[in-house]
Amino acid sequence: MKRFLADINKYREYAVYSAKSGLKAEVADSHLSWMWWILDPLLFMLVYSFVAIIVFGKGEKYFAAFVFIGLTSWRFFSATIKQSVRLVSRNSSTVSRIYMPKYILIIIQMLINCFKMLISFSLVAGTMVIYRVPLSFRMLYAIPCILVLLVVTFGFSSIVLHFGVYVDDLTNIIDVFLRLVFYLTGIFYSIEARVGGALGAGYATLLLRGNPAALVIDSMRKCLLYDMTPDLPALGLWLLAGCILSAFGVRMIYKNENSYVKIM
Amino acid sequence: MEEKNYAIEVKDLKVRYRCLNKISIKKSLFKLKKSNVEIFEALRGISFNVPKGEIMGIVGKNGSGKSTLLRAIAGIFAPDEGSIDLNGHTVSLLSIGVGFQKKLTGRENILLSGMLLGFSEEEIRARMSEIIEFSELGKFIDRPVRTYSSGMHSKLAFSITAILETEIMLVDEVLSVGDAKFKKKSFKKMKQLINDKDRTVVIVSHNSETLRKLCNTILWLHDGVIKMQGSTEEVLPLYEEFMS
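Protein chains in written order, with this note's numbering: chain A, 3 to 266; chain B, 247 to 490.
Since no wrong hints were added, every one of them can be taken at face value.
Covered stretches of chain B (in silico footprint by chain A; criterion: 3 or more residues with CB under 8 Å from a CB of chain A, positions within the stretch not fixed):
id, region
1, 322-328
2, 361-375
Straight line, CA to CA, 20 Å or less: simulated EDC-like cross-link-like pairs of lysine to aspartate or glutamate:
id, chain 1, residue 1, chain 2, residue 2
3, A, 257, B, 331
4, B, 431, B, 418
5, B, 385, A, 31
6, A, 26, A, 15
7, A, 12, B, 369
8, A, 22, B, 368
9, B, 260, A, 259
10, B, 349, A, 28
11, B, 473, B, 487
12, A, 12, B, 413
13, A, 84, A, 171
14, A, 12, B, 411
It is worth saying that the hints were derived from the structure and are not from the lab. Built from N, CA and C at the ideal position, the CB exists for glycine as well.
Only chain A is shown next, with the shape it has when bound in the complex:
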């Protein structure tokens, strides 16, 4: 833990600068440059709203905002985990020449994805204004929700990063797995209403509490759109689980990271 904090402090400047340059480089070659940071989530959301509203028919109250919150959080979660699988080999030119704790690479990726998530959430805010969603102090619960999302994502990513070095086809497996989880997360539908209605409330609770992405998304919707208090005990438990996963992942990376170079 002490080493982790010392390293975070030591490489903080590097991570932030690296994330900034990474973001710049992403749009440097395109004609619309930084506009893509807004256009990308906007277009993505339009497509999914079309699918949701036209194909599935009318859904929940404030439906576009409902879908946007789900998509924004999900994209952060799944993109970071997916990128972590090949993170070490993608950075082999740096990693094979100088030492750095390898989870710093995850943090850089998370900073980049966080920035995109922030833009995406401002679009969500815009949608909420259009819908005239009433303001409430419960909206502040979104902050602990984001915290849980960050910690859990880091935890999963650190474990996936380690195994990604050794297992060649982990990308495929993670891909399929995340796709499955995507449909179980209730991006276009309310788990409570649909699953609860069809199979009983017990299953809905199980799906929500067992899947951190679903729990975070459901909680965000509750506090941002419907003026409700989210499932705080479940969020607390996932925060704890996220911390344990992170501690486990970071330990594993520290223990094995120097042999990563030999395998690449």
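Given chain A's structure and the hints, the job is docking chain B onto it.
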């Protein structure tokens, strides 16, 4: 007991490479028997100390473990057995650089590399113009590194590690950088860096002339073990005789 001021202390160092270590779930499903992992021992238990301020050359035929040793000292490889103690000194691998992010510009890469070497943003910015000037890249410094020729690439790499000085410098193959003019310049710079009495330098090279000019002592590696260690005058002639 006599207290010696060592910059690098290597004790019984072993580094192994595991060949075929990557696994694929698809393959392992069809092959339940554990596959035989081939292990190659690049360094087979070597011990030596480098006093502070010394310039040590490492020689040996290809595949004798020279580069592995340098990388292990730089902290890129962990020892499988044994230990390496740098007594808290900062270290950098000169000439091959820190590794660049190809999408970013030369300038951004200078900052990132410098930060990885343990310098603060201000320290790097203060020496930025010196690095750019030394690298002779001109306008290219603000273009993405992927547009660089291999010569430009290594010029930049050399300039960063040469201008941002660390206490221990590891040099892999001196003078393999850039064109004739840059080679001359980098050799001069290297000599200047090496002659600093506080700096400890480890040089890997096949060029006996260079080693004779620069080094105080020579470590001769052969198949992952130390064949000989001593002063340059003592070891180098024997090594040359062995290789001819």
